[in-house]
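Enquirer: Sequence:
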Amino acid sequence: MLKVTNRALVSPWTEAFDELLSQASKNLLVCSPYIGKGPCKRILTLLRERNRTGISVQLLTDLSRENMLSEATDVKSILELCGALPNMDIRFLPRIHAKVYVADERTAIVTSGNLTDSGLSHNFEYGIYLTDKRLVRRIRCDLTQYHSLGTVIQQSQLKVFDEIVTELKGMQQKAEKSLKSRLREEFEAKLLMADEEILRVRAEGLSAHAAFADTIVYILRRGPRNTKGIYAEMKAIHPDLCDDTMKLVIRGQAWPQAQWRHRVRHAQLYLARQGRIVRKDDKWQLV
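In our numbering, each residue's number is its place in the sequence shown (first place is 1) plus 2.
Take the hints with a grain of salt, since some may be wrong.
As the list claims (entries may be wrong) - Now the in silico label distances, taken between C-beta atoms and shown as ranges:
#1 L48 to R275: 42 to 52 Å
#2 R9 to D245: 41 to 51 Å
#3 R275 to N53: 38 to 48 Å
To be verified - Within a straight-line C-alpha distance of at most 27 Å, the following computed DSS-like cross-link-like pairs (lysine-lysine) qualify:
#4 K39 to K135
#5 K101 to K135
#6 K39 to K78
#7 K78 to K135
#8 K230 to K78
#9 K161 to K43
#10 K171 to K161
#11 K161 to K78
#12 K28 to K43
#13 K176 to K237
#14 K28 to K78
#15 K43 to K101
The set of hints was computed from the structure by calculation and includes no laboratory data. None of these values were measured; they are calculated from a predicted model. Even for Gly, the Cβ is constructed at its ideal location relative to N, Cα and C.
Model the full structure from these sequences, guided by the hints.
Expert: Shown next as structure tokens:
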């Protein structure tokens, strides 16, 4: 039986992360805005050593163009990890900022450190290592809710992201070295195209109202809200999907982002018909 050994973590916390990985026999949950090459290799190596590459792996991160182009997140390494772990569920949530790692319902690390070499070993980070099962279960439950809000990212979409980043890096180097405004303009235009492609992947990964319905449930878990309040929190959670100015074309059809409020209302009605939410005193609440 695993002893309760909740303890503070100071940098470097690589050994603690390895210890957590060794406890993952069924499920590993990774939540970090930035994910680097070294830690991805570390996860794969340790799971292979223990013959556990078939376990369920939930990964929640921010695959924004800025993160990938700056190499704060190494999309190629995530792609390689995805190829080696058949039961990996990758989600993209733009405003995720939590750094949390959970093995089964046995251990968890909550820390300031991203899953990068700097976060693990070089920066002055601080966190806590937890083995209190009740608290670990609560952490897993909360992070699973965050995970459910993200867009599912398939391996094929990661390949598209990797190709975009590779092309942008080449253009960026040429533009920075050149004094010609044309190259810089071409690079800026390509950046906009990259943003649209990444947003298109986000939108395609969501059904008409599923994401908004899940997000409404998440919002109402924190208490009743009127529709205007739901709009505000929805836009804070999914700013890219609730942009009234951006226009997208997906699979040949216009994606009417300007009508996202209508989608929220449809999601409210859908949840109400299912008996999951109800409106009382002009506020929506969970049943």
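Enquirer: Next step is simple, just say for each hint if it's right about the structure.
Expert: Structure-based check of all given hints:
| no. | hint | in the structure |
| --- | --- | --- |
| 1 | L48 to R275: 42 to 52 Å | 46 Å, holds |
| 2 | R9 to D245: 41 to 51 Å | 43 Å, holds |
| 3 | R275 to N53: 38 to 48 Å | 47 Å, holds |
| 4 | K39 to K135 | 30 Å, violated |
| 5 | K101 to K135 | 19 Å, holds |
| 6 | K39 to K78 | 8 Å, holds |
| 7 | K78 to K135 | 34 Å, violated |
| 8 | K230 to K78 | 40 Å, violated |
| 9 | K161 to K43 | 18 Å, holds |
| 10 | K171 to K161 | 15 Å, holds |
| 11 | K161 to K78 | 8 Å, holds |
| 12 | K28 to K43 | 19 Å, holds |
| 13 | K176 to K237 | 37 Å, violated |
| 14 | K28 to K78 | 25 Å, holds |
| 15 | K43 to K101 | 18 Å, holds |
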